[in-house]
Amino acid sequence: MLKNYFKIAIAVLKRRKFFTFISLFGISFTLTILIVLTAFIDKVVGDDYPDRKRERSLYITRLEEIGKDGHSSGTPSYYFLNQYAASLKTPEKITLFSGFSGTNTYINNKKIAVNYKYTDASYWDILEYQFLEGKPYNRQQIENGEHVAVISDDMKKEYFGDVGSVVGKYIEADNIKYKVNGVVKSLPITSYMLYSDIYLPFTVAKTDYKHKGYLGDCMAILLASSKDMVSEMHEEYEQAIRKAPLESDQFTSMFSHADPYIASYVNTGNEKNSGVTIVLSVLGGFIFLFMLLPTLNLVNINITRIMERSSEIGVRKAFGASSRTLVYQFIVENIILTLLGGMIGIVLSVIALYFINNAGLISNLDLTINFTVLFCGLLVCLVFGLISGVYPAWRMSKLNVVTALKAQ
Amino acid sequence: MYRHLFKLIWNKRKQNFLLMSEMLVSFLVIFAVFTMLVYNYQNYRKPIGIDYENVWVINYSGDIGLKDIDSIHTFYETLIRNMKSMPELKEVCFSSSNVPFAQVTIQDGFDYNNKHVNGVNSYTVSDDYKDVLNVKMIEGRWFNKTDAVSRYQPVIINDHLKDEMFGNEPAVGKIYGNGADKNKNQVIGVVQDIKFKGDYSEVGYERFRRLDSAGLRWADRFLIKVTPDADAAFEGRLYKLVAGQMKNSHVEIEYLTNKRKNINYFALVPMIILSIVSCFLIINVALGLFGVLWYNISRRRSEIGLRRAIGATGRAVSWQLVMEAMILATFSLIIGSFFAMQFPLLNVFDLSAGIYLTALGLSILFIYLLVLVCAFYPGKQAAAIYPAVALHEE
Chain E
1 MLKNYFKIAI AVLKRRKFFT FISLFGISFT LTILIVLTAF IDKVVGDDYP DRKRERSLYI
61 TRLEEIGKDG HSSGTPSYYF LNQYAASLKT PEKITLFSGF SGTNTYINNK KIAVNYKYTD
121 ASYWDILEYQ FLEGKPYNRQ QIENGEHVAV ISDDMKKEYF GDVGSVVGKY IEADNIKYKV
181 NGVVKSLPIT SYMLYSDIYL PFTVAKTDYK HKGYLGDCMA ILLASSKDMV SEMHEEYEQA
241 IRKAPLESDQ FTSMFSHADP YIASYVNTGN EKNSGVTIVL SVLGGFIFLF MLLPTLNLVN
301 INITRIMERS SEIGVRKAFG ASSRTLVYQF IVENIILTLL GGMIGIVLSV IALYFINNAG
361 LISNLDLTIN FTVLFCGLLV CLVFGLISGV YPAWRMSKLN VVTALKAQ
Chain B
409 MYRHLFKLIW NKRKQNFLLM SEMLVSFLVI FAVFTMLVYN YQNYRKPIGI DYENVWVINY
469 SGDIGLKDID SIHTFYETLI RNMKSMPELK EVCFSSSNVP FAQVTIQDGF DYNNKHVNGV
529 NSYTVSDDYK DVLNVKMIEG RWFNKTDAVS RYQPVIINDH LKDEMFGNEP AVGKIYGNGA
589 DKNKNQVIGV VQDIKFKGDY SEVGYERFRR LDSAGLRWAD RFLIKVTPDA DAAFEGRLYK
649 LVAGQMKNSH VEIEYLTNKR KNINYFALVP MIILSIVSCF LIINVALGLF GVLWYNISRR
709 RSEIGLRRAI GATGRAVSWQ LVMEAMILAT FSLIIGSFFA MQFPLLNVFD LSAGIYLTAL
769 GLSILFIYLL VLVCAFYPGK QAAAIYPAVA LHEE
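If you're matching them up, the sequences are chains E and B in order. Each residue of the first sequence is one higher than the last, beginning at 1 in the working numbering. Each residue of the second sequence is one higher than the last, beginning at 409 in the working numbering.
Hints were generated in silico from the structure; no laboratory data involved. Honestly, I wouldn't trust all of these hints.
[Claimed, not checked] For lysine-lysine, the following DSS-like pairs were computed, each having C-alpha atoms within a straight-line distance of at most 25 Å:
id, chain 1, residue 1, chain 2, residue 2
1, E, K398, B, K420
2, E, K169, B, K655
3, B, K420, E, K111
4, E, K398, B, K422
5, B, K420, E, K406
6, B, K655, E, K212
7, E, K169, B, K422
8, E, K110, B, K655
9, B, K420, E, K110
10, B, K648, E, K110
11, E, K17, B, K667
12, B, K582, B, K523
13, B, K498, E, K157
14, B, K592, E, K179
15, E, K111, B, K655
16, E, K206, B, K648
17, B, K523, E, K111
18, E, K406, B, K667
19, B, K422, E, K111
20, B, K788, E, K210
21, B, K592, E, K68
22, E, K179, B, K655
[To be verified] Which residues of chain B face chain E? A partial, calculated answer using Cβ under 7 Å:
id, residue
23, M654
24, N656
25, A694
Computed from a predicted structure; not experimentally measured. Cβ coordinates follow ideal geometry from the N, Cα and C atoms, glycine included.
Please work from the sequences and hints to get the whole structure.
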């Protein structure tokens, strides 16, 4: 039966090539945009290089202090995290690290912009960076205050050029020479928590990173021993914050959370407006409006096509086909059409992603289509097909046999 | 004639419901896109207010290792003298961290005559700021050395803030603030608006304070004006000079031209993406409209044939068909305008009503044009129908 439907569907599509073209154009283009968007979100949120232990990690990235006249919000300081996060009992491991900042280096009359970041020793244990050369600096080197650095391979290419191993060589940044201990694979800047060109130990920081204010430039990752311990870890940090004294009299309350990756990624540091809800609602609204127009268009086109085939429908009804059979057939035809459009859309999105990757707008951001993305795309196709087919099919089943068969 | 057409369409409104709703949704999408475009364009047209070419920012963080205010003063004097001895460096001044095109915002309030304004951007700068950036004064003067010992705190505001606080009165000389005389502020000049957050941003309220000797303790930005032939070699020497003097500090040199490009991306990228997406959506809609109209017309062949047989010209027939499509569009536009008018009436997003009304006008024009183009070809087809062929018994 389905085979017959398939044959009929193809014959019908071939009959009115213009309408077929319009429908396919609409579906494939909408799908391309949706797939590119999904690939982008998937990469930004789902890419788990280098934090492969994401399911048992919690991230502390924000501290908000609220007073009578206003509020301060930002990343916590090393002192604050050392006091209230490093002293927790539940986590198996904790790392403290700074955000990335920019500086310059001038070599061979060329200016290189360098992003640098400070970390402690456990940073390299919790995160699984891929070391192309050398190895990370260890606790001993940090305690000795040695001027060592781990650099990204993009930085290596820009600074040293395309040479062999640079381990042991010196790289100058921020007017200080550091010895290269290792080279890691680069990250895209969209992983803003872990991105940097140069990773340095805290002990060589120029500024007093241990200053006693609560706000500073640090973040922390708490690693639980297993997935089940994560909620306990979250609770313990909440308790610690509740018991912690406020920084000064001008503040009345203080908020900080250890959140899973996505929540902390979009956290705006405002307790009242959750980052996740803002992102979801904006994205949801945009996608809804965006899909509304092609759907309406498809419904329109489908109604036109149905009315065209009214004599064919009239004949079948006269021969005893129930409304149900006809509706079923039409919906199957519609789904076949949308799946066809979907396949064209996937091909177009592969081409589009190839161009986006090569345009290099954000370096190291290689968008790929994986199964999640394909599955979402297919789901969208089916939803499209159903929505745009149901109303016209219902209209068609209401056709009066006699009127339909009447000479046009 | 029009009343007749209106009646025809009104009778067929249920049939054409889908078509009208499609036009309505396209109108809303186009309205949103045009609002964004008009807003950005209007902001773009205003002058930027400063000369940012050949101006660099030197960020330095951390302390310079001195506690006593006099030694800090001497340190900076020596450093600036050394910097100015380089031939490629023309002017140098201090600024707070909210330099032009930076992502930093420092704001507080402004009170005068029982009127309170929030969100006033506060810039603490030194006397040479005017020469480095070439800001234009509308009233009064910029800071100079005599302000070090003035009775009140000298303050300079921008045109936008002056209009808000003082209306048409001259602002120079006005005094505001509470407390002792030396804590009160006196306006000594009004400066032309500067678009600190990029070409596409709205100008806000701006107030400049003079950086005094005590404020040098917290200084962390230099703004320097260089000659056009300043190159990476000069920059390297400048970097070594500054970083060598400030051993406990990170030093970074940025160009205002780059910062401007980066901050403009925040406005440009959403605009470009939205325009591309809407472009495709509209092509989609246009094709759909075209197909549906063409099919509708092909169904009315006998009616058209009859009219031609009785003596209507081809032009009259196609005109009628196009007009019917336009009236359909008018119905949806009336509903759409009703929704769109809520935006300026409710002052959504704090945009001025002029922007919304311009966008409304442009969108209405756009939709009419779209429907005209889509109905034109089918209309021409209809006009080419031969009466004899059309009336032929099927």
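For each hint, the structure was consulted:
{"no.": "1", "hint": "K398(E) - K420(B)", "verdict": "holds, 18 Å"}
{"no.": "2", "hint": "K169(E) - K655(B)", "verdict": "holds, 23 Å"}
{"no.": "3", "hint": "K420(B) - K111(E)", "verdict": "violated, 70 Å"}
{"no.": "4", "hint": "K398(E) - K422(B)", "verdict": "holds, 15 Å"}
{"no.": "5", "hint": "K420(B) - K406(E)", "verdict": "holds, 21 Å"}
{"no.": "6", "hint": "K655(B) - K212(E)", "verdict": "holds, 22 Å"}
{"no.": "7", "hint": "K169(E) - K422(B)", "verdict": "violated, 78 Å"}
{"no.": "8", "hint": "K110(E) - K655(B)", "verdict": "holds, 23 Å"}
{"no.": "9", "hint": "K420(B) - K110(E)", "verdict": "violated, 72 Å"}
{"no.": "10", "hint": "K648(B) - K110(E)", "verdict": "holds, 14 Å"}
{"no.": "11", "hint": "K17(E) - K667(B)", "verdict": "violated, 52 Å"}
{"no.": "12", "hint": "K582(B) - K523(B)", "verdict": "holds, 14 Å"}
{"no.": "13", "hint": "K498(B) - K157(E)", "verdict": "violated, 35 Å"}
{"no.": "14", "hint": "K592(B) - K179(E)", "verdict": "violated, 54 Å"}
{"no.": "15", "hint": "K111(E) - K655(B)", "verdict": "holds, 20 Å"}
{"no.": "16", "hint": "K206(E) - K648(B)", "verdict": "holds, 16 Å"}
{"no.": "17", "hint": "K523(B) - K111(E)", "verdict": "violated, 50 Å"}
{"no.": "18", "hint": "K406(E) - K667(B)", "verdict": "violated, 71 Å"}
{"no.": "19", "hint": "K422(B) - K111(E)", "verdict": "violated, 68 Å"}
{"no.": "20", "hint": "K788(B) - K210(E)", "verdict": "violated, 79 Å"}
{"no.": "21", "hint": "K592(B) - K68(E)", "verdict": "holds, 24 Å"}
{"no.": "22", "hint": "K179(E) - K655(B)", "verdict": "holds, 19 Å"}
{"no.": "23", "hint": "M654", "verdict": "violated, 9 Å"}
{"no.": "24", "hint": "N656", "verdict": "holds, 5 Å"}
{"no.": "25", "hint": "A694", "verdict": "violated, 10 Å"}
In this structure, the hints that do not hold are numbers 3, 7, 9, 11, 13, 14, 17, 18, 19, 20, 23, 25, in rising order.
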